[in-house]
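Colleague: Position chain B relative to chain A; hints supplied.
So the protein sequences, as listed, match chains A and B. According to my numbering, the first sequence is numbered sequentially starting from 76. According to my numbering, the second sequence is numbered sequentially starting from 1334.
Treat the hints as calculated values from the structure; they're not laboratory data. What you were told as hints is all true, and nothing was included just to trick you.
Here are some of the chain A residues that sit facing chain B, going by a computed Cβ distance under 7 Å:
id	residue
1	A209
2	G221
3	L298
4	A301
5	F305
6	I306
7	I342
8	N350
Stretches of chain A that chain B covers, calculated by requiring three or more beta carbons in the stretch to come under 8 Å of a beta carbon on chain B:
id	region
9	194-206
10	211-218
11	326-337
Glycine residues also receive a C-beta, built at the ideal position from the N, C-alpha and C atoms.
One-letter residues, chain by chain:
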Amino acid sequence: MSAAQSDPQQRTADSRSRLTDTIRSNRLAQVGVVVVLSLVVAAVFGPLVSPYDPVEQNLAHQLEPPSPTHPLGTDQLGRDVLTRLLYGARLSLGIAVAVTGVRLVVGTAVGLVAGYAGGWVDEALMRLVDTLLAFPGIVLALVIAGVLGPSLVNVMLALAVVGWASYARLVRSNVLALRNREFVTTARLLGRSRTHVVVRHLIPNVVAPVVVLATLDIGGVILGTAGLSFIGLGAQPPTPEWGTMLASGRTYLQQAWWLVNAPGVCIMITVLGFNLLGDSLRDVLSPTQSAQMEQL
Amino acid sequence: MNGWKLARRLATMLVVLFGVSVLTYGLIFVTPGDPARTILTQQMGGQTPSQEAVEQFRAAKGLDDPFPVQYARWVGNAVRGDLGQSYYSDQAVTAMIATRLPNTIALGVASMLVAVAIAVPAGIASAVEPGSQTDYAAQFGALVGVSMPNFWLGYLLIIVCSLWLDLFPVAGAGGLEYLVLPALTLGSGMAAVIARLVRTAMLDVLDDAHIRTARSKGLRERIVVYKHALRNALVPVVTIIGLQLSYVLNGAVVVEVVFQRPGLGTLLVDAIFARDYPVVQGVTLLIGVIFVVTNFAVDLTYSRLDPRIDFGGEPT
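Extracted from the complex, chain B is given alone in its bound form:
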């Protein structure tokens, strides 16, 4: 990727980040009726707030300003690392995120490890003998994994491993024992996706000229597969694993709810039900930004690893 294309890609990313921030901030104005009234009604447990209370709230939170002014103020603060305060506790949103984020990161990393540990051997086994019983079983297993709702898998694991076998705690966060079941839940779904990618990548590589050379030299099949093929196949796989971040973030929300794990997902869900909009906006913005920046980084690595890949032009 040359400098011009990189600049174009960077510009596109900035436009998308701008779109992400407008969408995130604008969402609360989709609330049916007046957001201030809705929030106060919720805070007062369903009672209708007085007109003065609503006006006071609007003035205090700057909701009287026109949308562009409010948006600019919010984005300006966000860039400086200030995402505002919760409507309920007056706690800084960034502080709330900071206490929850480590749990979500731990869950993400652990489930990624689970996923790779299942997916790489399964994908290799599939690709070495395409069309075999093993391949069939692995592919069917991957389909089941993709189709499994992770909120159900979570309860299944809780019933078997916590209630029947009493191996792990049912819910919460803390030591490693709290991480096992959530990571298995989230990781097995991801494993399904990655196993398919490993299989495709391995099949591609095993067809390459240098593999045929290695085989015709009389090298043992194990050496061909693990030393020559796997190394090459892992290049696309590693970068594609980066793209699984979307799966992690989507899944983390549900899995954290199932295991009542205090993380970014449960923070978002609780804030949504409480109509704590600064928290909703802060978490959504963070997730959007992380996602956009990661995709950009993956694109860059990808095109560095394989110069034939070109993101500058249009697909033909």
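This is chain A alone, in the form it adopts within the complex:
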């Protein structure tokens, strides 16, 4: 077995140094890293620092424009918009990581099984994948979340159900390509168990494309959660969720322009940060995975 081909440590070390190189040389990648890190810091520490409560109403201070005491103004119930956005960052990042994680784990598992087992198992799983991918994602998530009833948990569930299929397809096509490579054949001829082959040889080799897909996917999940909440299916007021905040701000477009724009900017910057990160990750990892990466 040739060590260079399948030694995951070696490979990770290579791509890690390539990653730091790219981040040093690529301005856009730097922006992505800075944006995502600042968001995490803001989400973790922001709510601890803020003197205001995100939910408690203060009717004496309704719809105040931005000022030193309320940097992003107050909403129709007198709550500090910045504080609500910071709590919203916790929600958005938490949901995005959770949903993407579920998509990644389920999709990878299905893709490994389908690609490695082949035969009717593969056929059945892939037709299920085709069926899920046969709908525009948000439309299907909208219907599932709507049937389950409006709530943030149902939106997360719907987005997870709708989104794992593209991971399965990606992993399966990688597994098919890997199945006949020497190191896999060698391991099989050496009498290694199926589990051994999958865990030691297949999984380490599909990690890179899956991680790239997940990074690019996080932005989509954030947009999806905010979009469905905006429509009214997700978080319900007074939850400080970005999409919900934007939706309740639309009544005040004329008097209080900051109510829709503050959450809008937050969503955009967050999604942009993850997209920049995902794009640069793809560029870093593509030399080894070019054929598979093209699908992303």
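Modeller: Only chain B this time, still in chain A's reference frame:
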């Protein structure tokens, strides 16, 4: 693509269409509890319906039959162009769709025009000088476009163009003036995706032998770019634009909500909140079928335009 592969591809599409219809019809059974009870509770404004009312409703709508029977009846009717009646108005679902569909199609076509008008020049400018300031700006612009939630962009346009400048109506549907802002909202996101594709396709073509020949013949750069390269680059781009249908349908839902435009998206959203399941199923099925059939058509065109592309085998 030879006959055998075409047949295989067609068979796969039929299996997927079957899956789409089962999923669409089966979804309402995911409703927590008894769908009939949930619907009646909703219709009565939250009051608990009587047992007789529930049973009557179930019998009238055929909800007592086992799932396969209900499904077969629904699919059989759907194939004949009957998607059932709304639970609320007893109006035919197909008629409701027919009145809304033109607005969504208009929105889709208009935003596609906006997208192409922005994306093609931007993509070309990027590809002609890769690594230049222009390229950088266009690529960053595309990233911002992809990351922009279109429900926010919609309100931004409403605030600036309708409330401040008073150029266009805030909401509704009607003449062309109602179409401008929704089409800009939906089109700019799509433009971002297409601009990236144009750039990649142009870069590929500009590297080709016939371009190098054209250049070495001493042809002017403009002629090389617009006459020789663009024509070839547009082949993949045109077919890929077909695949943007998913973006149109996803985006139309949100954009129609923002601009309160009576279209397929708002019909679906209203039906979901009203738990008007025949309408939800009808619209979902229609969207699924349109999407599957378009993808199939795009695959076919694609492999006809470039015979090297082969959908019959497994990727290696």
